[in-house]
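Read in our numbering, the sequence shown has 1127 at position 99, and its numbers run on one by one without any break.
These aren't lab readings, by the way, just hints derived from the structure by calculation.
Note that this is a predicted model, so its numbers are computed, not measured.
Heads up, some of the hints might be wrong.
[Said to hold, decoys possible] Computed list of lysine to aspartate or glutamate pairs in DMTMM-like fashion (alpha-carbon distance at most 20 Å, straight line):
hint: 1; residue 1: K1174; residue 2: D1083
hint: 2; residue 1: K1161; residue 2: D1083
hint: 3; residue 1: K1200; residue 2: E1141
hint: 4; residue 1: K1200; residue 2: E1173
hint: 5; residue 1: K1101; residue 2: E1091
hint: 6; residue 1: K1200; residue 2: D1140
hint: 7; residue 1: K1161; residue 2: E1201
hint: 8; residue 1: K1101; residue 2: E1201
hint: 9; residue 1: K1200; residue 2: E1091
hint: 10; residue 1: K1101; residue 2: E1141
hint: 11; residue 1: K1165; residue 2: D1140
[Claimed, not checked] Ranges of calculated distance between the beta carbons of each label pair, as one might list FRET restraints:
hint: 12; residue 1: V1177; residue 2: F1058; range: 28 to 36 Å
hint: 13; residue 1: A1088; residue 2: Y1136; range: 36 to 44 Å
hint: 14; residue 1: T1032; residue 2: L1175; range: 42 to 50 Å
hint: 15; residue 1: L1081; residue 2: I1039; range: 43 to 51 Å
hint: 16; residue 1: I1039; residue 2: D1083; range: 19 to 27 Å
hint: 17; residue 1: L1081; residue 2: D1140; range: 37 to 45 Å
hint: 18; residue 1: I1039; residue 2: I1193; range: 36 to 44 Å
For every residue, glycine included, the Cβ atom is placed at its ideal position computed from N, Cα and C.
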Amino acid sequence: MKKTFILLIIILLPLNLFSQNRQNKYYNPFRFSVSAITKFVVGINDHPTDKYLFDQGIGALGELTYTLDQKAKLEISLEAGFLSTFSNSNNKVTTDNYLIPISLNLHYYFFDETFSPFIGVGVGAENFNNSSKYVFKPFIGLSNEKLKVFARYGIGNTISSSIEIGIGYSFKERPCGCFPQTR
1029 MKKTFILLII
1039 ILLPLNLFSQ
1049 NRQNKYYNPF
1059 RFSVSAITKF
1069 VVGINDHPTD
1079 KYLFDQGIGA
1089 LGELTYTLDQ
1099 KAKLEISLEA
1109 GFLSTFSNSN
1119 NKVTTDNYLI
1129 PISLNLHYYF
1139 FDETFSPFIG
1149 VGVGAENFNN
1159 SSKYVFKPFI
1169 GLSNEKLKVF
1179 ARYGIGNTIS
1189 SSIEIGIGYS
1199 FKERPCGCFP
1209 QTR
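Turn these sequences into a full structure, and let the hints steer you where they fit.
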């Protein structure tokens, strides 16, 4: 039963993805965005092996987004970035290590409007100092035509938690579920 259900999803999902909005010749479900992000380690960060080795970070992310449904409420994205990290140990700030996050995200927009709040989840890996950690990131945000602001709570499997706050710019507006779209 489980295998049949998974096979059904594998067959139906591509059919749905490739059949959306065919009546609109200008429709393109892909868009690219960049984001500036800050990351703060939260909670106790003193476990000898289970911790972040920095206190905060700042950097940039690139995100390739694909709109999944015809109502433009569900999107999937792949993001990768580069963060410079800072450590506040002994009243001295050190900036010698970098964090490289990669994640797969799923966004749900509440309204098919210019201004829309959204929620989502992401799963990914963070490479820091030649070691990778896996992270689950639920998030919330607001989007407006080409801009978005968001906040995420990163829950690691073997590391402390983190809060990420960011602002992003998309090079193309989020597609609407209305027909037809104009260029």
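(message) Check whether the Cα positions of K1101 and E1091 lie no farther apart than 20 Å.
(response) The given pair, whose Cα atoms are some 17 Å apart, holds under the 20 Å limit.
(message) Taking the Cβ atom of I1039 and the Cβ atom of D1083, is their distance within the range 19 to 27 Å?
(response) The hint (19 to 27 Å, Cβ to Cβ) is violated, given that I1039 and D1083 are roughly 48 Å apart.
(message) Given the hinted pair K1200 and E1173, is their Cα-Cα distance within 20 Å?
(response) holds (8 Å)
(request) Starting from K1174, check that the Cα of D1083 is at most 20 Å away, please. (result) violated (31 Å)
(message) What's the verdict on K1200 and D1140, does the C-alpha distance respect the 20 Å limit or exceed it?
(response) holds (16 Å)
(message) Run the distance test for K1161 versus D1083: straight-line Cα separation, threshold 20 Å.
(response) holds (16 Å)
(request) Would you mind confirming whether the straight-line C-alpha gap from K1101 to E1201 stays at or under 20 Å? (result) holds (13 Å)
(request) With a cut-off of 20 Å on the C-alpha distance, tell me whether K1101 and E1141 pass. (result) holds (10 Å)
(message) Looking only at beta-carbon atoms, does the pair A1088, Y1136 fall within the given range of 36 to 44 Å?
(response) violated (25 Å)
(message) Assuming the hint says 36 to 44 Å, is it satisfied by the Cβ distance from I1039 to I1193 or not?
(response) holds (40 Å)
(request) Sort out whether E1141 lies within 20 Å of K1200, counting only the CA atoms. (result) Distance of about 15 Å is within 20 Å: holds.
(request) With a cut-off of 20 Å on the C-alpha distance, tell me whether K1165 and D1140 pass. (result) Not OK: K1165 and D1140 at ~24 Å, beyond 20 Å, violated.
Hints 1, 7, 11, 12, 13 and 16 from the earlier list are contradicted by this structure; the remaining hints agree with it.
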